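K.L.:
Here is how the chains run, residue by residue.
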Amino acid sequence: MLKYRKEGDASFLSHREAMRAMERALRRSGLPLDFSEGFSPRLRMSFSPALPLGVAAEAEYLEVGVAGEVDPDEAREKLNLALPAGLRVSEVLPVPPNMPKLSRWARFGLFRVEDGGETLYLLLALSGEGQGRLKDAVVALAQRGMAAERPMLTRVGLYASPDEVFEDVRGKVIIFDGRTGELSEIEEEPDGLD
Amino acid sequence: MPPLIFWGYELSEETELFLGEELAGVTRPGRYLGIEVNAYRKPFRSADVTCVLVYPDAYEIGMSHLGLSILYEEINERDDAMADRAYLPWVDMQESLERRGIRLFGLESRVPLGEFDLVGITLQHELTYANVARVLGLAGIPLTAAERGEGVPLVIGGGPGAFNPEPVAELFDLLVLGEGEEVLHELIDAVKGWKSTERRERGALLRACAAIPGVYVPSLYSVHYRPDGAIESIEAERGAPMPVRKRRLTDLDRWRHPRRPVIPLVEPVHDRCSLEIFRGCTRGCRFCQAGMIYRPVRERAEESLRAWAWELVENTGCDEISLSSLNSADYTRILSLSGGLASEMGEKHVAVSLPSLRTDTFSVELAARLRRVKRTGLTFAPEVASPRLRATVNKVVSDEDLLSAVSAAYREGWRKIKLYFMVGLPGESEEDVEEICALVRRIMREGAHGGPAKGLRLSVSVSTFVPKSHTPLQWARQMSLPEITRRHFILKDGLRMRGVNLRWHTREMSYLEGVLSRGDRRLLPAVLAASRQGCLDSWSEFFSWERWLGALEAAGLDPSWYVERERPRSETLPWDHLHAGVDRDFLWEEYEKAVRGETTPDCRFSECSECGACSPPRAQLRLAGEAAP
Ligand code: SF4
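As you go down the protein sequences, you meet chains L and S in turn.
Everything in the first sequence is counted per numbering that gives the first Met the number 0, starting at 0 for the first residue and increasing by one.
Everything in the second sequence is counted per numbering that gives the first Met the number 0, starting at 0 for the first residue and increasing by one.
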């Protein structure tokens with residue numbers, strides 16, 4: 000599994016374009032990649048949920064099958080040499096055999112909302128129940144005077160459940176419910192209460 | 000030029016701000032980033048000579064073009080020069096640029112085009128001529144060479160369109176005829192020398208450039224017309240060459256670019272790496288400009304191609320290498336080259352493909368060995384169906400060749416085949432068009448070894464014959480719109496059958512192409528007017544024949560005069576001062592043979608037909624192995 004950042008100009012690459020760039024870099028890296036069978040072998044890859052254009056990201060993930068040993072540091076360096084500016088692999092991690100598929104666990108996205116004033120954290124279900132669109136959430140924030148109309152957005156993490164966000168942030172997180180359009184605040188549960 | 004450089008730097012920051020605010024609002028912003036892998040991104044300020052290479056069409060099309068990627072590397076490998084890239088922005092981005100008063104900029108440096116020393120624009124197709132004016136307008140560069148003064152870049156044209164650039168010739172300070180690799184270096188040297196002189200007089204630079212073989216400076220030639228509109232004479236200023244002769248490389252193994260092509264961020268129309276295996280084609284199809292202007296055949300050595308292919312794969316991570324040329328199955332060592340590469344590259348999951356096939360079983364077997372091509376189906380270009388027209392266009396394929404090619408493809412498992420035909424050829428009758436229908440029906444009936452080709456899907460793509468300069472048919476008339484409509488309906492009626500899908504080129508687009516392909520300088524006001532009114536002809540949604548008609552009428556020109564008129568031998572053609580290597584007399588003989596229905600053999604397999612491209616005959620022909628018909 001690769002953990003990567005998508006920043007600056009690269010945040011204007013569409014999901015598909017970023018995937019293309021990653022695939023090219025993987026092919027160039029010389030890593031022992033695992034291809035599908037058949038007439039047109041494809042790389043077995045899966046990506047984190049698509050990001051809207053213009054939104055930067057600090058912790059995206061990509062799973063790719065390898066058929067052999069990989070030295071994580073060397074792989075990271077090779078990949079970064081073959082990526083466009085703004086796309087950077089920060090970690091190469093082996094996937095433990097019992098780990099669920101990326102698409103299964105990456106269900107919530109945490110976004111940093113910056114508009115020059117106070118920094119907010121916004122949590123959004125990216126799939127399943129309560130799924131919401133980032134655009135709608137930002138409009139809701141602006142309507143309630145919580146953020147400017149066009150704040151700078153960065154996806155900082157992906158999670159399986161809302162409470163996991165507190166592994167990365169402290170304090171207040173706003174959660175947007177896609178069904179009702181409501182914003183609510185969640186807070187870290189004090190230790191020892193679960 | 001310190002103030003200019005300072006200026007460029009200032010404006011670059013303004014561009015940065017603009018991009019930050021506008022990118023999120025345009026479609027596919029990846030087109031405008033310039034952060035591609037393998038982009039040189041050389042600093043603008045430290046280069047002695049700054050160049051920007053422009054493809055006057057969308058990023059996705061321009062990034063698939065081999066020619067500019069060759070020149071891009073040639074320039075950037077020099078220590079004293081840099082090359083940036085630019086494309087025609089999509090309409091939403093054009094609108095943003097204009098609204099914000101930002102001038103079109105080079106993708107990598109983000110410096111406006113007007114700050115470069117050289118702006119090189121490729122002319123690949125007549126339907127991009129209005130786009131060229133649009134690019135210059137967006138860049139804020141005075142449109143015509145005559146309006147340009149000191150501190151304005153030299154605008155250079157190239158590509159096949161440079162062989163009859165007349166409708167847009169005056170937009171260019173100079174054009175390069177033929178292969179640009181060598182001449183570009185000579186031009187850069189000339190500009191570098193000129194920049195170090197005291198006075199930097201533009202006229203002096205232009206005259207110095209005109210002395211470089213292959214360089215055409217339109218302002219040094221004046222065209223005089225007769226009352227009926229035909230050309231009376233073309234006169235060159237003292238010292239300017241007459242005619243201007245094209246440039247050509249002979250030993251292609253010494254020229255190996257691109258080696259590290261820029262990897263497009265946005266998926267291009269052809270998403271693969273091209274390995275150019277040879278240049279030129281001497282099959283001699285009489286409608287084909289490429290087959291005349293790039294003569295003779297110059298093949299690259301097999302060994303050097305193999306090494307080069309690996310270099311491309313390592314440098315780009317591409318999943319497909321296309322063995323490109325005008326007719327790749329003709330490469331004398333194609334079996335060993337493609338077979339060898341396919342098996343070596345298969346291990347790396349890289350496919351080897353051929354962009355075009357000849358209409359024969361050999362080509363099908365070749366494609367079958369490469370296999371991956373199957374994804375998209377096979378394409379054959381028989382062009383015409385009647386034996387008489389085959390002789391006219393010098394395309395010697397029989398129905399049997401086509402049938403056996405199709406059944407070979409069918410046997411190999413292909414079920415999707417595309418056929419290219421052309422209508423509107425000189426001497427073509429409606430019966431000739433009906434023969435296309437008959438041939439297609441016969442393929443469906445007998446395509447599987449004499450039996451019905453069950454499950455075969457034929458896509459029949461029909462283009463309109465447009466006479467091109469420097470071809471034997473340059474004197475011929477192009478058919479009127481009603482005549483072509485009639486032909487399209489014959490095909491539509493005759494090909495109403497299951498499994499056959501018919502498509503044709505927009506008639507008015509081919510008509511406009513015909514106006515421009517044999518046009519003269521009087522057309523420029525019409526091109527500029529059409530461009531001002533938003534005609535971007537290569538993007539069908541922005542093509543407007545009505546606007547063009549209006550623009551032509553306003554310029555006092557009748558399109559049918561350019562399109563539907565057969566020219567006499569004695570008439571001075573608008574491109575007679577430009578020599579593409581093949582002699583006018585040879586072309587005329589070929590035209591007469593076309594009318595008589597006589598064919599001319601390929602000089603690779605039989606004797607030299609003395610077209611004029613080599614001197615002495617065959618001297619510049621280069622084959623990698625024995626030629627076999
Ligand atoms: S001069 Fe002769 S050998 Fe050379 S391209 Fe022409 S026909 Fe062929």
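Treat the hints as calculated values from the structure; they're not laboratory data.
Each hint should be verified, as a subset may be incorrect.
[As the list claims (entries may be wrong)] Covered, in the sense of this in silico footprint (three residues per stretch, anywhere, with C-beta under 8 Å from a C-beta of chain S), are these stretches of chain L:
(1) 5 to 11
(2) 17 to 23
(3) 76 to 89
All of these numbers come straight from a predicted model, not from anything done at the bench.
Backbone N, C-alpha and C fix where the C-beta goes; we use that ideal spot for every residue, glycine too.
K.L.:
Look at each hint and say if it fits the structure.
P.N.:
Hints, one by one, checked against the model:
Residues of the region 5 to 11 of chain L lying with their CB closer than 8 Å to a CB of chain S number 3, which satisfies the three-residue condition for coverage. With 4 residues having a beta carbon nearer than 8 Å to a beta carbon of chain S, the region 17 to 23 of chain L meets the requirement of three or more and the stated coverage holds. With 5 residues having a Cβ less than 8 Å from any Cβ of chain S, the region 76 to 89 of chain L passes the three-residue criterion, so the hint holds.
Hint compliance for this structure: every hint is met.
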